[in-house]
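Number of protein chains: 2
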Amino acid sequence: MKEIRISQVGCGIVGHGFLEVVRRKRDMLRDLGLDLKIVSVTDHTGTIYEKNGVDPKKVLGVKTLAEGVANSDMKGLEAIEEIESDLVVEVTPTNIDHGQPGLGHMEMALTQGKNVVTSNKGPLVVAFNRLKDLAGENGARLKYEATVGGTMPLISLVERNLVGNNILGIKGIFNGTCNYILTRMMEEGYPYGYALMEAQELGIAEADPAYDVEGIDTAAKMTILANSVFGMNVKYDDIDVTGITDITTESLALARDRGYLIKLIGEVPALTVKPMLVPRRSPLAVGGTLNAASIETDLSGTITVTGLGAGSIETASAILSDIVNIYTTRNIDDRS
Amino acid sequence: MKEIRISQVGCGIVGHGFLEVVRRKRDMLRDLGLDLKIVSVTDHTGTIYEKNGVDPKKVLGVKTLAEGVANSDMKGLEAIEEIESDLVVEVTPTNIDHGQPGLGHMEMALTQGKNVVTSNKGPLVVAFNRLKDLAGENGARLKYEATVGGTMPLISLVERNLVGNNILGIKGIFNGTCNYILTRMMEEGYPYGYALMEAQELGIAEADPAYDVEGIDTAAKMTILANSVFGMNVKYDDIDVTGITDITTESLALARDRGYLIKLIGEVPALTVKPMLVPRRSPLAVGGTLNAASIETDLSGTITVTGLGAGSIETASAILSDIVNIYTTRNIDDRS
Chain A
362 MKEIRISQVG CGIVGHGFLE VVRRKRDMLR DLGLDLKIVS VTDHTGTIYE
412 KNGVDPKKVL GVKTLAEGVA NSDMKGLEAI EEIESDLVVE VTPTNIDHGQ
462 PGLGHMEMAL TQGKNVVTSN KGPLVVAFNR LKDLAGENGA RLKYEATVGG
512 TMPLISLVER NLVGNNILGI KGIFNGTCNY ILTRMMEEGY PYGYALMEAQ
562 ELGIAEADPA YDVEGIDTAA KMTILANSVF GMNVKYDDID VTGITDITTE
612 SLALARDRGY LIKLIGEVPA LTVKPMLVPR RSPLAVGGTL NAASIETDLS
662 GTITVTGLGA GSIETASAIL SDIVNIYTTR NIDDRS
Chain B
362 MKEIRISQVG CGIVGHGFLE VVRRKRDMLR DLGLDLKIVS VTDHTGTIYE
412 KNGVDPKKVL GVKTLAEGVA NSDMKGLEAI EEIESDLVVE VTPTNIDHGQ
462 PGLGHMEMAL TQGKNVVTSN KGPLVVAFNR LKDLAGENGA RLKYEATVGG
512 TMPLISLVER NLVGNNILGI KGIFNGTCNY ILTRMMEEGY PYGYALMEAQ
562 ELGIAEADPA YDVEGIDTAA KMTILANSVF GMNVKYDDID VTGITDITTE
612 SLALARDRGY LIKLIGEVPA LTVKPMLVPR RSPLAVGGTL NAASIETDLS
662 GTITVTGLGA GSIETASAIL SDIVNIYTTR NIDDRS
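Top line first, the protein sequences correspond to chains A and B. Here the first sequence is numbered in the numbering used here, starting from 362 and rising by one per residue. Here the second sequence is numbered in the numbering used here, starting from 362 and rising by one per residue.
Quick caveat, the hints were computed from the structure, so don't treat them as lab data. Check the hints yourself; a few may be wrong.
Unchecked claim - List of simulated lysine to any residue pairs, SDA-like, C-alpha gap at most 25 Å:
1. B:K493 / A:D388
2. A:K418 / B:D659
3. B:K418 / A:E411
4. A:K596 / A:R617
5. B:K363 / A:I687
6. A:K493 / B:G394
7. A:K493 / B:L393
8. A:K493 / B:D388
9. B:K363 / A:G500
10. B:K493 / A:L393
Computed from a prediction, not measured in an experiment: that's the story for all the values here.
Just chain A, with the same shape it has in the complex (with noise of 0.2 Å):
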């Protein structure tokens, strides 16, 4: 049995995913051979540290660690320095300007040859391959497949799965949000405005939905794609990017009688984000909030993957398959 001692930093909507699965989990990873402590789980209002592990349970029942549960006021740079830990997950807020603070956390962790698993792109947005210099010079693996397409196992379906074969190209849809409204406005006939308050009623968009609309979402997703599938050297700041605002019912009706859609579609290498037409035969014509991405390859053709794009388990479980990735395969992942 390996033990592995995890500190958590970060306690949202994701970390307490991750909590409810290593919970619900423990038998399965043990079966894996696999034994995971959560030793520490931080957040913005303290820490509460366990040496033997910390009972999901305690942290599940409390919206912040301060209501009864912190028994230290450890912040995560501290948390990831002074506490003896394996790996670090990593889910606090994202900022694709900054960073910060999942960039601090994880430069401290990989600095200390400490393992990175995360769901937050900001850090890799803005500094992908620092991170991933950093890993490699410390021994350590940063893991990152929540970031990309939610569930979707995208990045180790290439890695992995797709190994032997040189990617020529990722397309897709990376947005569940513009999905929505997108497929609401061709179905239904709702004008963009109508479509957009429907997804804010539901909870599928934002009170301010300028981080999914306008392609900011997606294009993150492409800087981060570009930088580890492709080896590239990007900045955010080097995508093309077109959001959703502009369309029209009338836009999407022509394209239905033609036999399309309308998406928004990122593409790398092609830095690009922009609403395209996809045929309604393609496996990229999914509607809803799902997310669907076409990995073209030079020996196996085109590969599709469908799933849903976010959710607070589906998130941790992308977590959770990374975490036992690292303990049960050779670091094959690093070529760039």
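Use these hints to put chain B onto chain A, whose structure you have.
Below, chain B alone, put in the same frame as chain A:
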């Protein structure tokens, strides 16, 4: 650099594809630390054995080894038994009634502790659990991604990327010939017989199409999935099979008017193969010769993967991925 000595048994379309892929990918494999050495190739006319590795170009230039290439009259069984190797690539023609000659080849290889990678459905349909046990007893690995769904990385997706999930069900389109025929019937209004003829002219359907259109191929794949992913003990006859030969243009038109397609769908653990209505918006609503499989999970929701169902290089690339994964991952996939 890890040297992997490979005996290849079978040298038809997939066998040629494998030789070609290994030739093309030698540098990439070395970057991964793997030196694949094909020490022997056997077909029904004989064997070429070169201790330091067979030059793929030699074999790729001839239709049968008897054409001046073979340097031994060893059959497959002898080659596996007598030639020192680490891994056997078994790509002889498939027979789902008795599994031979592949079944004997695999038993011999696994008994000797040699890993087996195959695209040959027959032996796995006939004796999956026996072969898995034999592998376990002798510390060998048995990998068979290429038997199910062509280039779609379905088995490894379940074993690797979705690790942590319970797999609740798999349903999908597993036969490109049927999908092509149904797509043409729906889109062009062709009757079944005409669409079949067109598929035969294009080389998409065999002269004797029964294996595909009667659902036999799909049912064989469901047998393998039931035994491998779901740990069942299923024989081919346990699958309830209906093919596509009785589907009419009218029924397709009726379905279309209500927003549905008709597809030949295989399902496990339901153990059924039958034409089913698929909503046009579903990720399974793919056309042409594509395959698609939806994997229903407890944590990650439903993940769908789509890819080409067949092809020489495509199938060979699945074999190559299996080989790489054997030598770069811990064995966590034998959970059944």
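Quick rundown of the hints versus the structure:
Taken as a hint, the K493 of chain B and D388 of chain A pair is honoured in the structure, with Cα atoms around 23 Å apart against an allowance of 25 Å. A threshold of 25 Å between alpha carbons decides the hint, and for K418 of chain A with D659 of chain B the separation of about 20 Å falls inside it, so the pair holds. Our distance criterion of 25 Å between C-alpha atoms is broken by K418 of chain B and E411 of chain A, whose separation comes to about 62 Å. Taken as a hint, the K596 of chain A and R617 of chain A pair is broken in the structure, with Cα atoms around 35 Å apart against an allowance of 25 Å.
With a C-alpha separation of about 21 Å, the suggested pairing of K363 of chain B with I687 of chain A holds against the 25 Å cut-off. With a C-alpha separation of about 20 Å, the suggested pairing of K493 of chain A with G394 of chain B holds against the 25 Å cut-off. Between the alpha carbons of K493 of chain A and L393 of chain B the distance comes to roughly 18 Å, so the proposed pair stays at or under 25 Å and holds. For a cut-off of 25 Å, the pair hint linking K493 of chain A to D388 of chain B stands: about 23 Å separates their Cα positions.
Only pairs whose Cα atoms come within 25 Å are accepted, and K363 of chain B paired with G500 of chain A is accepted, the gap being roughly 21 Å. Proposed proximity of K493 of chain B and L393 of chain A is supported: the alpha carbons are some 18 Å apart, at most 25 Å.
The structure is inconsistent with the numbered hints 3 and 4, although it conforms to all the rest.
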